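Work out the full structure, taking the sequences as your base and the hints as a guide.
Each chain, letter by letter, is given below.
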Amino acid sequence: MNSRLDPRRWLHYLLAPLDGPLTLLILILVGYAAVVMVSASPERLGTLALNTAVAFSVMWIAAKTPPSRMMSAALPLYAIGVLLLIAVALFGDVSKGARRWLNIGVTRIQPSELLKIAMPLTLAWYFQSREGMLRARDFFIAAGLLLLPVGLIAKQPDLGTSILVAASGFYVLFFAGLTWRLILPVAVVGIVGIGAIVAMGDTICQPGVDWPGLREYQKHRVCTLLDPTSDPLGKGFHIIQSTIAIGSGGVFGKGWGKGTQTHLDFLPERHTDFIFAVLTEEFGLAGALFLVVVYILLIFRGLFIAAGAPTLFSRLLAGALTLIFFTYAFVNMGMVSGILPVVGVPLPFVSYGGTALVTLCLGVGMLMSIQRHRRRVGT
Amino acid sequence: MTVMRTPEQELARFRGRLAVAGVVALLCFGLLAARFFYLQVMRYDYYSTRAEDNRISLVPIVPNRGLITDRHGTVLARNYSAYTLEITPSRVADLDATIEELSTLVDIQPKDRRRLKKLMDESKSFESLPIRNRLSDEEVARFIAQRYRFPGVELKARLFRDYPMGSFASHVIGYIGRINDRDLERIEESDDSANYRGTDHIGKSGLEKSYERDLHGITGFEEVEVDSGGRAVRLLRRTPAIPGNNVVLTLDLKLQEIVEKAFGNRRGALVAIEPSTGGVLALVSTPSFDPNLFVDGIAPQDWDQLNTDQDKPLLNRAIYSAYPPGSTFKPFMALGALTTGKRTPGQTLADPGYFNYGGHRFMDDKVGGHGGVDMYKSIVVSCNTYYYVLANDMGIESIANFMRPLGFGQRSGIDLPGEAEGVLPSPEWKKRRFKRPEQQKWFGGETISVGIGQGYNAYTPLQMAQALGAVVNNGVLYRPHIARHVVDAKTGEKRTIEPEPLRTIPFKQSHIDLIKRAMVGVNKAGTGSRAFAGAPYEVGGKTGTAQVYSLKGGKYVEGRVAERLRDHSWFIAFAPADKPVIALAVLVENGGFGAQSAAPIARQALDYYLLGKVPAGIAAEDPAAEESAE
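Going line by line, the protein sequences match chains A and B. All letters in the first sequence, in the order written, are residues 1 to 379 by my numbering. All letters in the second sequence, in the order written, are residues 1 to 630 by my numbering.
Think of the hints as simulated: they come from the structure by calculation, not from any bench. From a predicted model like this one, the values you see are computed outputs, not experimental measurements. Glycine included, C-beta positions come from ideal geometry on N, C-alpha and C. Treat the hints with care, since some could be wrong.
Each pair of labels, with its calculated beta carbon distance range [as the list claims (entries may be wrong)]:
1. A/Arg-215 <-> B/Ser-103: 55 to 65 Å
2. A/Arg-44 <-> B/Ala-19: 39 to 49 Å
3. B/Pro-300 <-> A/Trp-211: 52 to 62 Å
4. B/Met-120 <-> A/Trp-211: 48 to 58 Å
5. B/Thr-344 <-> A/Ile-80: 53 to 63 Å
6. A/Lys-155 <-> B/Glu-498: 48 to 58 Å
7. B/Met-120 <-> A/Leu-50: 17 to 27 Å
Once the Cα atoms are required to be at most 20 Å apart in a straight line, the calculated EDC-like pairs of lysine to aspartate or glutamate come out as [claimed, not checked]:
8. A/Lys-258 <-> B/Asp-374
9. B/Lys-508 <-> B/Asp-374
10. B/Lys-117 <-> B/Asp-137
11. A/Lys-258 <-> B/Asp-45
12. B/Lys-111 <-> B/Asp-121
13. A/Lys-155 <-> B/Asp-121
Non-contacting residues of chain A with respect to chain B, defined by C-beta distances greater than 10 Å in every case (computed) [unchecked claim]:
14. Val-38
15. Pro-76
16. Leu-148
17. Val-209
Have a look at this one:
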């Protein structure tokens, strides 16, 4: 009776599933987010605390869940996700010209969010089930599993999310041993293609030029990136203002709460996708590099966990999850600083937004579980 | 790739790929770091100058909301300017003490405090919220003199919405209210956030809601140079707001007023439409409410009163309540019988006063029956037996298939929010409606009740008016609409809401003529003859009585039944008979027989609309004049 109430035992129970380095890094990021939020949008601190509490609970539960249990949940989650996406395509609510939401009576859900985790989980499960007898054919099947939801999400249209889901699946294929003979040519074509677009920006951004496979608004985003001044009051406004915010921050920033871009309302979505601009305006290059270093530590901790993971499933999952964190961070900072087009990707663990935070913490919890269970499964 | 590898080789390759991933990640972050270095160190001077120059702030100018007027130009919703005292809770140290002090300068009622509390719950603390509206000049002067004592409290000149007709047509006009979180979500979704900067009211119900887009207008902007503290120093450029469009209705307010007064204290609804366009001439639901109560946040006790009133004044009975149509369903049944070939006009039934089906005796109103009944007579005397037998002969599927194109049991698509579907009974509907298999089965006896408009039948007064309109318009069914034009407030340019024919039902002219003739007969020699005695125009009609309470075996004696359990009274009518310009449906809740309470209301409406006759007790002049004289 007495020992049950012993606070030390409780503390141990609470902390045991968590991985020390990961927990520390996430706390630093969320703390950083709170500090920036005090300046950017103080009235949201309460909700931020609530979101964080929910996300940490999810992380804790995931960390306690053994990888074998995750593996058995993979296919059902994937199937539910794809069915919901089909339901969205058929009955979804249209908002801002895109069909992304499904109204289920009580609330509206965005099924594409589920796929961000279900996708790597399912592919890792698939390769685990084929372990030892892997053939080229399996990569085609895996690619099929990947492209079905990616296609559905891209059709909504939601280019940002479809790229994230596609990337999460591609990482599994990459770690499972997809041949370089396929990866390298695609990478080369991609780099050359981007180079060509940048070089010929003036010609192909003329009005009336249709880009095969892309919608008008997607073309517009790319063109705005190439020349933000072409649309200074519309979409280009965001990029121009956030670049000014970053640049005017200098080495040590303007000081906490003293960002003029932030406080004179020049920064759009300053608490969500563009929070990085607030941070760099007020804390400067030093603040930005500090954040980058934290992300690098987070990613290397993740890769380290992947390297030590005992089964193929947990290796692939850990590797892919880690690279997803990388992708979020890189794409967000890239778009805010004007080197990538603006797609709706949050800054991981820092941007305000409950759904993304929960999804990311779920991923971290899974990494923790893989690390904690590394010795229990026989090798 | 098909080469088998040992687990060790596999692991080595995996770790190799992890290393590649790590290197790529480092490279990408390096690229970002380089970009930051470029922006923040190499181009720091350029960007910090641009940030310094970035002192231009955009201040929204809220557009005037459009007016709503009836078809003759009587104003139903307008704006006026007044001073309001607003408080920003986050900038006030002690809210209660501040309000206490304010109340020594301006009159602040407990009601105002409660409303502020409610608004605070619904909004964010940095928003400025009204504590007192419509300050008198004296109060304004007193506050200005003491203004320095109240940081966080501001005096603002604002436009207020006003509904000069009070509770008349309130269900149609609806009301505006402060934007709440749900509205905000909707605004963000439709990408209207920029246009709603500075706006704090939005249409919540009725036309104010359905024509929000037109009424709101386009927000203008002032470009202002601000100092480093964000205060405006100089006006640079001004993009004026574009005022909201005015909405002109098909509604005739006088007709609306006559009908609302004719209802008196009774609960009910009337919908009158122009059959050849679908334009709504009157849409009444009684009791109604004063929309002015809602404009600046309704006081809690007013809200409770409206919500708990058992007469449900907030309910728009004309489009949201569905009732069994009773005998007003019979003309439609008769047309169905002719169209499907189940009956010829001359086919006669010998009515014994009842119809036996499955061991149950369905009774006629008249003991001993109506004798020989053909189709014409069946409508004029409203013979139940004729329709019991007809419903049984047609079958439920055939009835439902005939009624569906007339709009029964479907939303009409009227330009008002919150329309109900009603129920067009069919075996398929029953399957969807009920869960247990024994409840899902359709019984033949249920078809018999449907034939006289009872049973599961449930239609809104709007649906009845729309269906009647389609029949007297030779089968062309229009989407009902209340707005006639949307008028640009500046240029006066009109955008007409075009009448929209939804479908043309191929009726035979001779069939429609027979139904119309029989309905004229109802008002000459049948159940409607008393209400329409001496009418100088030819009018078709049909009475109806919807059972609220089923008396087991006993005879219905109105006086003995509690008021709320009395039958609902229906009347549908169109006039003039040869070329109808108006079709209407009236329902009086618990009004007893249709001829008794509903038909006289229809008579008053038609007398006004066709003859310009105004009943005693209502000013013949514009009702606005009467209102403002008070």
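For each hint, the structure was consulted:
1. A/Arg-215 <-> B/Ser-103: 55 to 65 Å: holds (58 Å)
2. A/Arg-44 <-> B/Ala-19: 39 to 49 Å: Roughly 40 Å apart at Cβ, these two residues keep to the hinted range, so it holds.
3. B/Pro-300 <-> A/Trp-211: 52 to 62 Å: holds (57 Å)
4. B/Met-120 <-> A/Trp-211: 48 to 58 Å: Holds - the Cβ-Cβ distance for B/Met-120 and A/Trp-211, about 50 Å, lies within 48 to 58 Å.
5. B/Thr-344 <-> A/Ile-80: 53 to 63 Å: holds (59 Å)
6. A/Lys-155 <-> B/Glu-498: 48 to 58 Å: violated (34 Å)
7. B/Met-120 <-> A/Leu-50: 17 to 27 Å: Since B/Met-120 and A/Leu-50 have Cβ atoms about 20 Å apart, the given range 17 to 27 Å holds.
8. A/Lys-258 <-> B/Asp-374: Violated. A/Lys-258 to B/Asp-374 sits at ~89 Å, over the 20 Å cutoff.
9. B/Lys-508 <-> B/Asp-374: Holds, at about 19 Å.
10. B/Lys-117 <-> B/Asp-137: violated (26 Å)
11. A/Lys-258 <-> B/Asp-45: holds (18 Å)
12. B/Lys-111 <-> B/Asp-121: Distance ~16 Å between B/Lys-111 and B/Asp-121 Cα, so the pair holds.
13. A/Lys-155 <-> B/Asp-121: Distance of about 40 Å is beyond 20 Å: violated.
14. Val-38: holds (14 Å)
15. Pro-76: At roughly 27 Å from the nearest Cβ of chain B, A/Pro-76 sits farther out than 10 Å, so the non-interface label holds.
16. Leu-148: Non-interface label on A/Leu-148 holds, nearest chain B Cβ at 23 Å vs cutoff 10 Å.
17. Val-209: holds (25 Å)
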